[in-house]
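4 protein chains.
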Amino acid sequence: MINKVQGLQTILEMALPDQAIHSDEIPWVPQGERVWFKPLRFDLVNGRWINLLKVSGGGKVNRHRHSGGQVLGYVIQGSWRYLERTWVARPGTLIYEPPGDIHTLVVDGAEDMLTLFMLEGVIQYLDDDDNIIYQDDVFTKMERYLNFCKVQNIEPLNLRY
Amino acid sequence: MINKVQGLQTILEMALPDQAIHSDEIPWVPQGERVWFKPLRFDLVNGRWINLLKVSGGGKVNRHRHSGGQVLGYVIQGSWRYLERTWVARPGTLIYEPPGDIHTLVVDGAEDMLTLFMLEGVIQYLDDDDNIIYQDDVFTKMERYLNFCKVQNIEPLNLRY
Amino acid sequence: MINKVQGLQTILEMALPDQAIHSDEIPWVPQGERVWFKPLRFDLVNGRWINLLKVSGGGKVNRHRHSGGQVLGYVIQGSWRYLERTWVARPGTLIYEPPGDIHTLVVDGAEDMLTLFMLEGVIQYLDDDDNIIYQDDVFTKMERYLNFCKVQNIEPLNLRY
Amino acid sequence: MINKVQGLQTILEMALPDQAIHSDEIPWVPQGERVWFKPLRFDLVNGRWINLLKVSGGGKVNRHRHSGGQVLGYVIQGSWRYLERTWVARPGTLIYEPPGDIHTLVVDGAEDMLTLFMLEGVIQYLDDDDNIIYQDDVFTKMERYLNFCKVQNIEPLNLRY
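Residue numbers (my numbering), protein chains in the order written: chain C, 32 to 192; chain G, 32 to 192; chain W, 32 to 192; chain A, 32 to 192.
Hints are computed from structural coordinates only; laboratory data are not their basis. Fair warning: this is a prediction, and the values are worked out from it, not measured in the lab. Be a bit skeptical, because a hint or two may be false.
Which copy is meant is left open, so a pair is good if it fits within one copy or across any two.
[What the hints assert, rightly or not] Taking lysine-lysine pairs in the DSBU-like style, the calculated list, with each CA pair at most 30 angstroms apart, reads: (1) K91 <-> K35; (2) K91 <-> K181; (3) K35 <-> K69; (4) K69 <-> K181; (5) K35 <-> K181.
Given these sequences and hints, build the entire structure.
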């Protein structure tokens, strides 16, 4: 019958520090026309990253495939859908996108959408003939953030934890 | 030089379906005094789960340790902190809790807090002498949800995806 | 103080089945000149896969990058190295390859190597000018396996668990 | 149409280092009667660890549950089974143990078994009445390794990568 927590001293000595990242201290980085992201974590051990995505009313994220990892999203504000699906995301909707998923994000209304995304693997943007025209992963997202901070003369946060 | 997306036919035939879970269709399950959770995903392949946590003003989640997995949280509404830390979470704060982390969640103000948590591993609730008094994992959380639905005569959603 | 395992009934009713996959029941699928793989798991929830890799003496896996996920390897037999590194893998060596890693696998000696690899994300094969010439992920590896079984008239195992 | 690898400069500057850990440089740490483990990785970001397990002929790993994570195993040498299952593991068998799995490992023959295990979550050892009598996670395994090295006057490797 166990009582005491085991390994406590080792935890106290060796566990990694926790992190609290305040998104209002991070700039919106332009990602495309009427689309911005705000990074919250670059996990270089696992190749994952977390970002807020903002798309203004009538905006669109071009057709893309998620290769080599799953995606989870949680809608904070506004409404949006994938052209290839029948469901509509609204505040409080959790979205699971399996590896391989291909879709085009559109905001039909006038209201901005704001969604938290936790991503793994690679995002491959496709043209109408299924050619890959651009790819994103944890490194390209980090690069965009760091370059934007440099141009804007903003001190970047260390989000590699 | 690659052009076409590779493996497309296999994706179309075999990829898992995506999911859109609307949290306003799921009940608040009581977790303790002034504390509720609303499950959004039970991932039985990996032992992870996702839930919203609601703690009303002045409420508290007793001191606990996260063993065997990391936790990510994103604050939707309200403000809270861990008694053992100096930072205060507010809307838009992302929290990373490493494996082994021990803390006590308190809501100081009168406003309810609402936070999205993605959890792995085991939650071990501790008394003042570091004895484990209760444990939660993906199965106990699922059990609480299913039992609550049964008692309330609510049809449970299939959140095992 | 906890005694009984919690959630036991829910585990018994809902936990996924375990799996024991015998690699001697799976064929070697040609991957390139003097290179073969034998798949052991296609995890479509997470976009991961597990395979044995066999490279015969003097063989080579062309320069490639792992994008969007980590790789773990464990050497069963033989010896090999990455042209870009100084360490040499031998039986019993565990290799961790972080997201972004770029390398060229060579077997210097005459002995075949056999290594277990657990992969995530996307493998991008590069030419000398860093152009991507081919990509692999969990779906292309599954496709190669299924196509090989069809051509060879072998009944494929269901490795999607 | 993409050509060049994207984010290459950021990878070169910021990617984590790879690791090659030679298991013949690590001692066997006693885990129980006729049972030893040899740690290869303590992943404190995710709460996972990798170890070789050695059980000598006629040996046994007591009944235990894996809570809060999955387990993968690959048999290097010898043969073993779980009392609760019908399959028998042999060299080249890959085992997937889902979260919640409960089992008792036995080596029926006289030959030692050697198996690579990749573990997540918590291992809970149970008595015949399903009481938890001991728990292991990434921290307790690391603690056992470090304590054993201290007692044996061995310089421990840094396996926290």
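Hint by hint, work out which the structure violates, then give me just those numbers in ascending order.
-> none
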